[in-house]
Amino acid sequence: MHASMNHPDKRLPSIDVGARLRELRQERGMSIRALARASGLSTNALSMIERGRTSPSVSTLYKIADALGVPITAIFRTETPKKAIVFRKSNERNRIILPRGVWEGLGGEEFSGAVEPLMLTLERGANSGHLTMRHSGHEFVLCLDGELEYEVEGWRYNLGAGDSLLFSAQLEHRWRNAGASPAHVLIVLSGYSRGESALEYHLVIGKAALESTDT
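For what it's worth, this note's numbering labels the leading residue of the sequence shown as 186, then goes sequentially.
Check the hints yourself; a few may be wrong.
To be verified - Computed Cβ-Cβ distance ranges for the label pairs, DEER-style: (1) A219 / I270: 36 to 44 Å; (2) K267 / L371: 19 to 27 Å; (3) E357 / G310: 31 to 39 Å; (4) G339 / T228: 31 to 39 Å; (5) N343 / E212: 36 to 44 Å; (6) Q355 / F296: 17 to 25 Å; (7) K267 / D201: 17 to 25 Å; (8) T239 / R309: 15 to 23 Å.
What the hints contain is simulated information worked out from the structure, not anything from laboratory work.
Positions of the beta carbon are idealized from the N, C-alpha and C atoms, including for glycine.
Kindly generate the complete structure, drawing on both the sequences and the hints.
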């Protein structure tokens with residue numbers, strides 16, 4: 186059963202995104218001003234995010250990850266030894282509240298292979314931004330409930346409960362919740378190159394992509 190958007194399951198561990206971003210920035214010897222220049226965000230916005238005063242959108246996280254030279258998933262996790270087998274109970278998922286949804290890691294953060302499964306709960310109107318993105322590897326999408334519109338290389342695919350989509354992630358793509366209610370989506374990223382510079386497998390082409398609630 187999925188946690189309610191208004192009443193999240195308190196048993197699920199959350200991640201302090203602001204503290205994690207500050208840790209990544211300091212590890213690289215960057216000042217907030219330097220990160221602001223590199224990301225195109227204001228110093229005030231970054232300061233508010235690091236202090237937990239505001240929640241960054243997915244697009245904002247992509248910008249910050251790009252500027253820091255890390256994959257966006259590095260923001261959602263601390264470095265842990267990689268494992269060949271990962272078992273995770275439903276109440277042990279890494280979890281983060283985004284402005285218009287919830288991100289949940291399904292073990293890829295600890296897995297030694299090139300596969301990253303994740304669960305997204307997307308509020309009505311939530312989207313990945315008005316510009317497209319692309320990255321290496323493959324992307325598999327399974328709509329568990331609700332409605333999701335994926336655009337891949339200009340082709341639009343409307344996914345309802347039980348519908349799936351599989352494509353080469355090097356194709357430009359974006360998504361949005363096109364329904365009237367929250368959507369729950371399973372996404373599996375695989376075959377990505379860990380040797381890619383900067384964003385690794387989450388290379389974002391639409392760096393200026395903004396969501397309606399963006400910082």
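For each hint, the structure was consulted:
1. A219 / I270: 36 to 44 Å: holds (40 Å)
2. K267 / L371: 19 to 27 Å: Given range 19 to 27 Å: holds, Cβ gap about 22 Å.
3. E357 / G310: 31 to 39 Å: This hint is violated: roughly 22 Å between Cβ atoms.
4. G339 / T228: 31 to 39 Å: holds (37 Å)
5. N343 / E212: 36 to 44 Å: Once the Cβ atoms are compared, 42 Å apart, the range 36 to 44 Å for E212 and N343 holds.
6. Q355 / F296: 17 to 25 Å: Since Q355 and F296 have Cβ atoms about 22 Å apart, the given range 17 to 25 Å holds.
7. K267 / D201: 17 to 25 Å: Once the Cβ atoms are compared, 23 Å apart, the range 17 to 25 Å for D201 and K267 holds.
8. T239 / R309: 15 to 23 Å: Holds: the Cβ-Cβ distance is about 21 Å, inside 15 to 23 Å.
Checked against the numbered hints above, the structure breaks only hint 3 and satisfies the rest.
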